[in-house]
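A.B. asks: Residue numbers (our numbering), protein chains in the order written: chain A, 1 to 113; chain B, 1 to 112.
In short, the hints are calculated from the structure, not lab data. None of these values were measured; they are calculated from a predicted model. Any given hint could turn out to be false.
[Stated by the list, open to error] List time: in silico DMTMM-like cross-link candidates among lysine to aspartate or glutamate, alpha-carbon distance up to 25 Å:
#	chain 1	residue 1	chain 2	residue 2
1	A	Lys57	B	Glu5
2	B	Lys104	A	Glu101
3	B	Lys104	A	Glu82
4	B	Lys56	A	Glu101
5	B	Lys70	A	Glu101
6	B	Lys26	A	Glu101
7	A	Lys57	A	Glu82
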Amino acid sequence: KAGVTQTPRYLIKTRGQQVTLSCSPISGHRSVSWYQQTPGQGLQFLFEYFSETQRNKGNFPGRFSGRQFSNSRSEMNVSTLELGDSALYLCASSSSGIDNEQFFGPGTRLTVL
Amino acid sequence: SQQGEEDPQALSIQEGENATMNCSYKTSINNLQWYRQNSGRGLVHLILIRSNEREKHSGRLRVTLDTSKKSSSLLITASRAADTASYFCATPTVKGYSTLTFGKGTMLLVSP
Chain A
1 KAGVTQTPRY LIKTRGQQVT LSCSPISGHR SVSWYQQTPG QGLQFLFEYF
51 SETQRNKGNF PGRFSGRQFS NSRSEMNVST LELGDSALYL CASSSSGIDN
101 EQFFGPGTRL TVL
Chain B
1 SQQGEEDPQA LSIQEGENAT MNCSYKTSIN NLQWYRQNSG RGLVHLILIR
51 SNEREKHSGR LRVTLDTSKK SSSLLITASR AADTASYFCA TPTVKGYSTL
101 TFGKGTMLLV SP
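Given these sequences and hints, build the entire structure.
C.D. replies: What follows is the structure in structure tokens.
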């Protein structure tokens with residue numbers, strides 16, 4: 001099976017802009033989770049989608065949003081970008097979404113100037 | 001907030017030596033997982049240990065779990081230069097679900 005793919009791999013934006021990141025899970029996986037990784041805060045959970053519904057949400061401002069499509073592909077959007085949003089954004093998929101390992105994509109490196 | 005905290009933050013050893021990393025967590029868990037990350041890339045799942053298990057092996061990896069102490073350890077035996085990476089322990093953010101709360105990680109450097 002193909003692994004989790006994320007596009008784009010690298011992105012440079014300026015403050016105030018918005019950005020959309022995409023994640024395609026492993027075929028058959030219905031759960032998609034997003035994480036932000038920064039040197040200061042480490043890996044932090046953003047949100048999880050399961051069967052097109054947001055099931056869990058981390059402690060991030062409303063500028064961070066996401067959605068999941070019927071084919072389980074997911075997008076996350078960050079509006080009004082701030083310098084502190086510069087990070088590696090990781091997407092992970094799992095099958096049932098319960099007590100299972102997560103399979104991570106390579107990440108999207110976002111730089112906000 | 002971080003659920004797991006790894007110790008040490010960094011570890012430098014020679015090829016062939018064993019590497020031990022420890023993780024402590026705060027709340028009750030269904031399982032604990034260990035992941036590896038090579039320099040700024042995605043995470044690779046190494047092993048999952050359930051709360052009713054005390055020890056688990058996978059190749060050169062050995063994981064222990066002590067739920068009474070809320071701690072786990074990852075042992076890599078006969079380390080290789082290719083094991084150089086950051087290692088993270090992770091626990092379910094919400095009990096019964098797969099989303100994870102990660103520790104800050106241990107950076108392992110294995111020198112030839």
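A.B. asks: State for each hint whether it applies.
C.D. replies: Checked hints:
{"no.": "1", "hint": "Lys57(A) - Glu5(B)", "result": "holds (22 Å)"}
{"no.": "2", "hint": "Lys104(B) - Glu101(A)", "result": "holds (19 Å)"}
{"no.": "3", "hint": "Lys104(B) - Glu82(A)", "result": "holds (23 Å)"}
{"no.": "4", "hint": "Lys56(B) - Glu101(A)", "result": "holds (15 Å)"}
{"no.": "5", "hint": "Lys70(B) - Glu101(A)", "result": "holds (20 Å)"}
{"no.": "6", "hint": "Lys26(B) - Glu101(A)", "result": "holds (20 Å)"}
{"no.": "7", "hint": "Lys57(A) - Glu82(A)", "result": "holds (20 Å)"}
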